[in-house]
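Engineer: Residue numbers (numbering that gives the first Met the number 0), protein chains in the order written: chain A, 0 to 211; chain B, 0 to 211.
If you're looking for bench data, these hints aren't it; they were derived computationally from the structure. Incorrect hints may appear among the rest.
Because identical chains cannot be distinguished in the list, a pair is counted as satisfied if it fits within a single copy or across any two copies.
[Stated by the list, open to error] As a list, the in silico DSBU-like pairs of lysine-lysine whose alpha-carbon atoms are at most 35 Å apart:
id: 1; residue 1: Lys75; residue 2: Lys11
id: 2; residue 1: Lys105; residue 2: Lys141
id: 3; residue 1: Lys11; residue 2: Lys154
id: 4; residue 1: Lys105; residue 2: Lys75
id: 5; residue 1: Lys141; residue 2: Lys7
id: 6; residue 1: Lys75; residue 2: Lys170
Protein chains: 2
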Amino acid sequence: MESDRISKAVIKRLPRYYRYLGELIEEGVERISSAELSRIMHVTASQIRQDLNNFGGFGQQGYGYNVNYLYDEIGKILGLDSEHPMIILGAGNLGHTLANFRGFEKRSFRVIGIFDIDPRLAGQNVRGIPIMMIDRLPAFLKENHAEIAILTIPKDQAASLTEILVQNGIKAIWNFAHVDLEVPDDVIVENVHLSDSLMTLSYNLTNTHREG
Amino acid sequence: MESDRISKAVIKRLPRYYRYLGELIEEGVERISSAELSRIMHVTASQIRQDLNNFGGFGQQGYGYNVNYLYDEIGKILGLDSEHPMIILGAGNLGHTLANFRGFEKRSFRVIGIFDIDPRLAGQNVRGIPIMMIDRLPAFLKENHAEIAILTIPKDQAASLTEILVQNGIKAIWNFAHVDLEVPDDVIVENVHLSDSLMTLSYNLTNTHREG
């Protein structure tokens, strides 16, 4: 892997390439020039060439990109060629919503367990995925291989549950709790702070239209 | 407003300041030094002073920041001092989840209508917010003031619905659809591409641990 040379900005753009290539495949497109890809993605062709050159290129002069091949290769770079078992902490609305996203499975993210503290949920399931009580979590993580933990719990429970996750070998947290997590250096956190996102929208709305 | 001088990076950090200040208020903290705020937020004190100086400072030498005052002022900068009526397009799991977030209302984001194409949902409501059929949307937008539209619809419906929204005066879209939207320059889009976020996590997980 050449990932140590690759900037965060490029990494952020990879899922977007993957998304557009997936759409091209759905439309039956087999190959595409960087000029055409540039037009639909609203980035310059030279940006596309530069980004993809980080991973060895993939394009051929006069032919363009083979859509299926490029899609698969970017998928591998994104780690989508191996399965990532996930658990969800918090079986509320958002936890249910994420457990129901079938699109994740297509891309090798499979939810293997959901945890909550509400005893009324014990024994229930979402699409066959069992909801367990949170005190089962350490034993579950010892008995099952889970890579990613999704946190959809209230912020006041996030710190103590993160500690349990880290102690039991979880190396990646997808955090929807409205709080920043403290984790060791070898644990990766990707935050989705929905309220922060809505406030950024509000800021831009308020200030753009005040000035306009 | 001094917003034209303010960088995107500062704007992205404002909701985080707001979040931390809100927590300090919950804990009963009335004033805080930039050194202490720096410690809990893991940013340098000089960064904090610089960021807040964009908006006129707010700190006092030897006193620090008045937590309530700073919270209110940042709230105003973020546009939280006026109400932003919202509509949700898509009454699936995610639409329901967002309609149920009570935290939004506390910050003056109020959902006034939910739209879907599924006739089985017609006449239903979420916490008193009516679910209407999508063909009612243009008339609803003429009769009601809505500022923000939240898109939780499948990607193949996003383009046509965005056109209807824009034609009927919507100036801000919070987009959860798995597609980039084409909008006029005066319409603000804030994307939450959940799959992109999960793939970024997967990339970092795959590549960090391959190298380690």
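Engineer: Decide, hint by hint, whether the structure agrees.
Structural biologist: Consistency of the hints with the structure:
{"no.": "1", "hint": "Lys75 / Lys11", "result": "both (15 Å within a copy, 31 Å between copies)"}
{"no.": "2", "hint": "Lys105 / Lys141", "result": "within (26 Å within a copy, 40 Å between copies)"}
{"no.": "3", "hint": "Lys11 / Lys154", "result": "both (26 Å within a copy, 20 Å between copies)"}
{"no.": "4", "hint": "Lys105 / Lys75", "result": "within (14 Å within a copy, 43 Å between copies)"}
{"no.": "5", "hint": "Lys141 / Lys7", "result": "within (33 Å within a copy, 43 Å between copies)"}
{"no.": "6", "hint": "Lys75 / Lys170", "result": "within (19 Å within a copy, 38 Å between copies)"}
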